[in-house]
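S.K.: Protein chains in written order, with numbering that gives the first Met the number 0: chain A, 0 to 338; chain B, 0 to 338; chain C, 0 to 338; chain D, 0 to 338.
In case anyone wonders, no lab produced these hints; they're calculated from the structure. It should be emphasised that the depicted structure is a prediction, and the values quoted were computed from it without experimental measurement. Just so you know, not all the hints are guaranteed correct.
[Stated by the list, open to error] Simulated crosslink set (DSBU-like; lysine-lysine; CA at most 30 Å straight-line):
1. D:Lys-284 / B:Lys-284
2. B:Lys-284 / D:Lys-328
3. B:Lys-328 / B:Lys-107
4. D:Lys-328 / D:Lys-284
5. D:Lys-234 / C:Lys-263
6. B:Lys-15 / B:Lys-328
7. A:Lys-328 / B:Lys-284
8. B:Lys-263 / C:Lys-263
9. B:Lys-15 / B:Lys-284
10. A:Lys-263 / A:Lys-15
11. A:Lys-263 / D:Lys-234
12. B:Lys-263 / A:Lys-263
13. A:Lys-107 / A:Lys-234
There are 4 protein chains.
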Amino acid sequence: MGPLRIGVIGAGRIGKIHGENIARFIPQARLEGLTDIKLTAEQEAWARGLGARIVSQESGDLLADPAIDAVIICSSTDTHADLIIAAAKAGKQIFCEKPIDLSVPKVKAALEAAQKAGVKLQIGFNRRFDHNFRRIREYTLTGEIGQVQLVKITSRDPAPPSPAYVAVSGGIFIDMMIHDFDMARFQAGSEITEVYAAGAVLVDPEIGKAGDVDTAMVTLRFANGAIGVIDNSRKAVYGYDQRVEVFGSRGAAQAENDLPNTVKLYTEQAVIGEKPLYFFLERYKGAFVDEMVSFTEAVLQNKPVAVTGEDGLENMYAALAAGKSLKEKRPVLVDEVRV
Amino acid sequence: MGPLRIGVIGAGRIGKIHGENIARFIPQARLEGLTDIKLTAEQEAWARGLGARIVSQESGDLLADPAIDAVIICSSTDTHADLIIAAAKAGKQIFCEKPIDLSVPKVKAALEAAQKAGVKLQIGFNRRFDHNFRRIREYTLTGEIGQVQLVKITSRDPAPPSPAYVAVSGGIFIDMMIHDFDMARFQAGSEITEVYAAGAVLVDPEIGKAGDVDTAMVTLRFANGAIGVIDNSRKAVYGYDQRVEVFGSRGAAQAENDLPNTVKLYTEQAVIGEKPLYFFLERYKGAFVDEMVSFTEAVLQNKPVAVTGEDGLENMYAALAAGKSLKEKRPVLVDEVRV
Amino acid sequence: MGPLRIGVIGAGRIGKIHGENIARFIPQARLEGLTDIKLTAEQEAWARGLGARIVSQESGDLLADPAIDAVIICSSTDTHADLIIAAAKAGKQIFCEKPIDLSVPKVKAALEAAQKAGVKLQIGFNRRFDHNFRRIREYTLTGEIGQVQLVKITSRDPAPPSPAYVAVSGGIFIDMMIHDFDMARFQAGSEITEVYAAGAVLVDPEIGKAGDVDTAMVTLRFANGAIGVIDNSRKAVYGYDQRVEVFGSRGAAQAENDLPNTVKLYTEQAVIGEKPLYFFLERYKGAFVDEMVSFTEAVLQNKPVAVTGEDGLENMYAALAAGKSLKEKRPVLVDEVRV
Amino acid sequence: MGPLRIGVIGAGRIGKIHGENIARFIPQARLEGLTDIKLTAEQEAWARGLGARIVSQESGDLLADPAIDAVIICSSTDTHADLIIAAAKAGKQIFCEKPIDLSVPKVKAALEAAQKAGVKLQIGFNRRFDHNFRRIREYTLTGEIGQVQLVKITSRDPAPPSPAYVAVSGGIFIDMMIHDFDMARFQAGSEITEVYAAGAVLVDPEIGKAGDVDTAMVTLRFANGAIGVIDNSRKAVYGYDQRVEVFGSRGAAQAENDLPNTVKLYTEQAVIGEKPLYFFLERYKGAFVDEMVSFTEAVLQNKPVAVTGEDGLENMYAALAAGKSLKEKRPVLVDEVRV
């Protein structure tokens, strides 16, 4: 089968990353088109430079084109579900950025549309493709860790978003920790059954006024009996802190942060090393490529996608349960929020 | 003031450590006596070899001797409170191993006795004196960490105790995690106000039959707004895992495990390093000396002790709240268990 | 000024790397042409896929084309000098892989041709662009290290070349250590004045029969008074070992190897980490891009190149002096081999 | 056999360390006596406090006492040889600090005296007992490293000695690098056959005026074909830098410095770790105990000592050859300096 002909919908930060990766790093794929509802001349030039044939403001131009095999949905969250449904109807293979939607019924409708149309739907939980976290999972799968007992995830951003962003973000659990719920499920190899969320406003009072917390510690219980914990902070002054630890009956594996270089400076005062890579673009650079390779191969070889729409839904349930737990100050079964 | 003349009560594992440390490493102290209710010839020879003048089966021999300034209570937990009371009445300065007692009223009675007698009472939470954890606390005190926001403690034993031991231990929170509650309070610089405990039997079903869990993840809230988490496992196959992380508004500090040596072996298969020091005797070797130095100096210089009876009581409340939380599957205010 | 229009001469392993990097990662450059004297259909397809307009067996096709601004010489070593001379005559900007030639007079002739023609000539000592080693140099330049006193370089290959290759390679100093001489000069910020080479055949007796050594330890003296040492082995079973340490009056900096991931596995037996990245393609992946960016910018902005033809010549003198030292079992002044 | 009754000769810094270690940490040994030609009241009190029976200014008091089994010679270097001879005549087992003497004939006379008297003679090359370096040697002995090919030793002091001390020290090779020659021979498991020394005055011009260098890089050849290198600096601003690396046909082992604690501080500026332990008293604290345990056991169990007088002599030959090499600017065979 020839290269996968891909159209990207939405040319914001993440759309550009996917576009570049498809055009430059994935020989089995081709950037065939790009649309953005507010397409700028700069965006158009960029897409043309990468070889895109269709460049427009209408996502419909991609969906209507029979020479487009797949779409990558990178537009704003509120458009995701509708675009999935439209793309499914058009018979396109679908990769959609997270979250699918902030409303469970709309998520479900989107999943059903994809399933009914028989097209693949992969969700952009890119961290599963990270070189470090994937290595931990491999150790579990090859038995070195034994039965998973504890999963610990540290996930902290270098700087908080604006209160305005926070107000429409869906809150820390949907906006930020949803990645970590996905990682937790991935590493545990099991579904989250219960969460208990402790949260606080320690970084920026404005975030509190916007009705959210900026610091959270969430305890997880998994169906297989394992226990987990995720801590999030909206602001780690030393940069993006992304670590995972899995502890089991036969061993444990820990992933440290990636650094820009390995140099240590020894001075009269101290020994000084580099801070972690600053933010997600640098840290997950390779993971963004690998998730797109994975999607491309899943389509071309007709294999299951690595991160399904159901994963997206489960992560959302965990996030909703965490929100409920924080509000009601009690552990919440994920089943309580399933609708 | 001359050297502190110390009598050790109880010549088990921990009593021997304190006896050796006093006799060998603390010039300002002297091992003046040792008692054990089941004194063996071997124990007697050992104590005499260290210069002990009084060696008997009767702790009363130490309490009655005017040339004994202080006692180190290392006998079985059920005798601690009574011995504290008796030692206080005899006007001796007191160091008592943890826990003070499994009953809050008895703990309170012991504390009152010491206070009334005007003698010092230090409790054996030795980890505060650990070189790594102390360094973290120093970073907080000197401002490098800023306002403490998160405290994360990993504390895992290399092998589980026997179910028989578990049955009389008071449970994982009183027996094992109590050290971590103390560390959490020490690092947060604030009292624990609420706990939520998730626990499971993942290591040994017999521990479950004995009514306890062997794996636990406890979320903490502190009076100063910080959030904490402690994870305990009764069995880490790679050895004793003792790590602490404090995260704050200006930085974070992490303590890794101590290793027996720094060597890394590079082979065709992998790069291989040492496992952590096997168990608490190796890991906290220096901390045991330093806590005794601290006690000695507190007495000789009439300063407050570093770990008070009230610390012991607070740690116990946290442990009791954790037990209640586990049982009732809800977050529990520490105030709920205060009596 | 528009993008730099580049022709690559030689489509072997290194030619392909440069071609890919130019086409994919360097917006200011364009892969305009590619030639290889034994051009295969596969190579042609690859070059066309990257947008090359001229694809042929004749390097002359590139030199004759006025729309080619620069050439990247990646053909076999014995053709380098002649191609530099021809390209210089044609007025092309030149990047040439190392070594320039095995004969000093030919190297000099090539350098003169470039100088006379007023074209830039950069030599492919890519390691100067490595993220780790560059960071060390920056620390020296910003004063953190003070006066450089010691430079230590570890440079070991994962597997030895064939004895047949060794026989025509020019020997370990010209073939392998020449990179390290360049690194030493770069880090010391000073020329090598004297070398003493100890060598041995410890890896493969066939290498000895081919008249070479496979293990070498070379002491360096620099014009600024610093002392250096380089060790080379043709076979490190654990992979490519590339470390640099610079020690000075105010501090020291050390670069460790890069690893494929940061994960550590803790088992009952040991703590296991990853081996270094296997070989130079992985290890210096970014450095190959950055050296080409540097060349492109030097041409477009008419700045001096980062690694000059004179650097290539100096590295060669050091290598020749090392060979002479090994043979004559005495320290050799670099001036002794200058011709 | 009862505890080894030991007399220490010389109560300077190193004599005190040995005295304390014998009295406090070695149950099979006893500090029976101490002499110092300039015995102070403070020294006497210290020795008495450790249980010494004989405390005087006359080493002869120890040699004449039949209840003294062994002597530890810690007096000034110029007295070592005579004291060894006298102790040997008196039938005492002997541990002597390094160097034995600055004159080879005197060293030989001392060795002969010990041999003739049939007493053991261990020399104080304590670093062989270091936990890190010993671990590397074990890896070699158990085969993980294969045939040793390269031995690299970094050995730097935190601060230079006074020029006055330098003037009588015998020079950097005898005074400082002699420890590293011993380590090199220990790790290679083979004798040094040839050395080439590069040296410079980079730390303190006064050291140059005293006829010595303060920075040195010495290449070694071993009888088994391996190659080594040692670098010394009299001043590393970040503290005592003591590292060893052994590279072989099947693997390599590297020992990093020991640190006072494992904490890393993450700030907005950098990640900060501890500097190495400051100097040899801290760094080799355990090694000093272990070498004395080793000596005690060698005597009590009539086993060969771990570091012989011949080791002391070989280390001296290497140091003399290095001095000759530096002076004559050529590689020097160790056989050239044997007398």
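S.K.: Confirm or reject each hint.
M.R.: Hints, one by one, checked against the model:
1. Proposed proximity of Lys-284 of chain D and Lys-284 of chain B is supported: the alpha carbons are some 15 Å apart, at most 30 Å.
2. For the given pair, Lys-284 of chain B sits about 50 Å from Lys-328 of chain D by alpha-carbon distance, which is inconsistent with the 30 Å threshold.
3. A distance of roughly 28 Å separates the Cα atoms of Lys-328 of chain B and Lys-107 of chain B; the hinted pair therefore holds under the 30 Å criterion.
4. For the hint pairing Lys-328 of chain D with Lys-284 of chain D, the CA-to-CA distance comes to about 37 Å; that exceeds 30 Å, so the pair is violated.
5. Restraint check for Lys-234 of chain D and Lys-263 of chain C: the C-alpha separation of about 35 Å exceeds 30 Å, so the hint is violated.
6. The suggested pairing of Lys-15 of chain B with Lys-328 of chain B is violated, with an alpha-carbon distance near 41 Å, which exceeds 30 Å.
7. Straight-line distance between C-alpha atoms of Lys-328 of chain A and Lys-284 of chain B comes to about 41 Å, which puts the hinted pair past the 30 Å bound.
8. With a C-alpha separation of about 13 Å, the suggested pair Lys-263 of chain B and Lys-263 of chain C falls inside the 30 Å cut-off, and the hint holds.
9. Proximity of Lys-15 of chain B to Lys-284 of chain B is assessed by CA-CA distance (about 12 Å); at most 30 Å being required, the pair is judged to hold.
10. The hinted pair formed by Lys-263 of chain A and Lys-15 of chain A fails the criterion: a straight-line CA distance of about 34 Å is larger than 30 Å.
11. Pair hint Lys-263 of chain A plus Lys-234 of chain D holds up; C-alpha atoms about 19 Å apart against a cutoff of 30 Å.
12. Among the hinted pairs, Lys-263 of chain B with Lys-263 of chain A is consistent with the structure: their alpha-carbon atoms are about 18 Å apart, no more than 30 Å.
13. Of the pairs offered as hints, the one joining Lys-107 of chain A and Lys-234 of chain A is violated, with about 33 Å between alpha carbons and a cut-off of 30 Å exceeded.
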